[in-house]
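Using the hints provided, position chain C relative to the given structure of chain H.
Line order of the protein sequences matches chains H and C.
The first sequence begins at 84 in the working numbering and counts up by one.
The second sequence begins at 45 in the working numbering and counts up by one.
Possibly wrong hints are sitting among the right ones.
To be verified - Some, not all, of what chain C presents toward chain H, calculated at C-beta under 10 Å:
1) Q51
2) D88
3) P90
4) W93
5) S149
6) S152
7) A178
8) S185
9) V303
10) A304
11) L425
Source of the hints: derived by calculation from the structure; they are not laboratory data.
From the three backbone atoms N, C-alpha and C, an ideal C-beta is built for every residue, glycine too.
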Amino acid sequence: MKYMIMTFGSAEAGLAAMGKEWMLEMIQFMKTLDEDLRKAGELVSAEGLADGSQAKTVRFENGIPIATDGPFAESKESLVGYWIVDVDSEARAIEIASRIVAFVKVPIEVRRVMDAPPDF
Amino acid sequence: MRELAPQVLGTLVRRYGQFDACEDAVQEALLAAALQWPEKQVPDNPRAWLVTVASRRLVDEWRSETARRRREENAAALELPVQAHVADHDDTLTLLFLCCHPSLSVPSQLALTLRAVGGLTTAQIANAFLVPEATMAQRISRAKERIKSAGARFDLPPEPERADRLRVVLHVLYLVFNEGYMTSSGPVLQRADLTTEAIRLTRLLHTLMPLEGEVAGLLALMLLTDARRAARTNVDGSIVPLDEQQRDRWNTAQIEDGVALLTRTLGTVPVGPYQMQAAIAAVHDEAPSAKETDWLQILALYEVLERVSPGPVVTLNRAVAVAMVNGPRAGLALLGTLDNDYRMAHNHRLEAVRAHLLELAGEPVAARESYLRAARMTASLPEQRHLALRAARLA
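Chain H on its own, in the form it takes in the complex (with noise of 0.2 Å):
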């Protein structure tokens, strides 16, 4: 079973509130977890995303759609990266997202994709 593994917050703020020491831990530890899940075949694939105030939304106003800049949700609250694991258990993403959460120690969601097969 897939399940998103996804972080939230602002890159911009996150770089400005931390040390040079902590984001190359940071790197290190992302590049590690990465390749741990890649060796466990249980990577289907990570991205990290431009920060949230490069975002343009876009949205229906008066009969047609519109882009605005900035994310959807508030900045503090934007998707910045996720990871798409498939893996054997609910149990087991929820390991995947604690390691993150012990190393990143903000709030990280991990949601199921649909990808069960429909009863028979």
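Same frame as chain H, now just chain C:
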């Protein structure tokens, strides 16, 4: 060609030990055959050809320096003790048990079984499970390492363990079938191949263990379920429930096959859950129309199933039969007994069945709410659309 895969692999493992290296070599030989045979002629003895090519790959691998070093490091762990002379069919069976080794995670069991026993390529398996090929390759090589470190031998499991190990094998085949049992447009279409492959492998297992009632039962269940495949989805990929399916689109040959198999099996062996589920599928398949379904018989079969293999999902299904025999209120009362069952807390089917029974009972408002709740809980997209559509019809 693919039916030769487990035989060739068995021969190699008996000759050289080293399941993991042999498995890679056979995979390469199969790829070579897929490239060469269509252009040239298929060799007179395709099996001998595959054994020769795979053996050569294995020897090449041994000669390479890194492999030698690795071999020395792992010398002790690599040796799989093997018996001297055993027929091919035992090899295939041994392979199935090995690939469904209890030390492996379920996704690994599925992947390894499809490759080593099914003879599918890593790319095909990756495609079917919608993961990158590199991920699937890692999963397979990790699974082989784990089998090795678990100290598994290339032998049939000892008699006292065999029933438990067979249950795992059957569950893996069932899951492969289940994964494939959806036909839709777009990228999911190829998943239907998994259904075909599950039936092929279960049939193979049945020829190897003809006296195992549950193997026959699982094969019958697959045949009787898959027989409805063409009628089960609309052209747009949406689900058609059993009672609305065009029954003339069911595969009658496959139904006859499944029913005959079940008739030969039932009563000759101890009854088990797959046989009972197949028997229930057979009653549905033999009804000329949804209205003419013999619900009394289905209810009786669910009562037997609940005795053989009790569990909330069986109770849930029995509730549908109860509703059809004694009215929706009786079914809803039985469903109520599952409300506090923690095993059903995140199962959308309880709400989906409740919604259906509420609809039958003439309570569209409550039914609609249950459909929507079920739609939120399911992890299947076609099912979510189906449930949302049912809810919308009641608005």
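- Among the hints numbered above, which are violated by the structure, and what are their numbers in rising order? Structure breaks hints 1, 2, 3, 4, 9 and 10.
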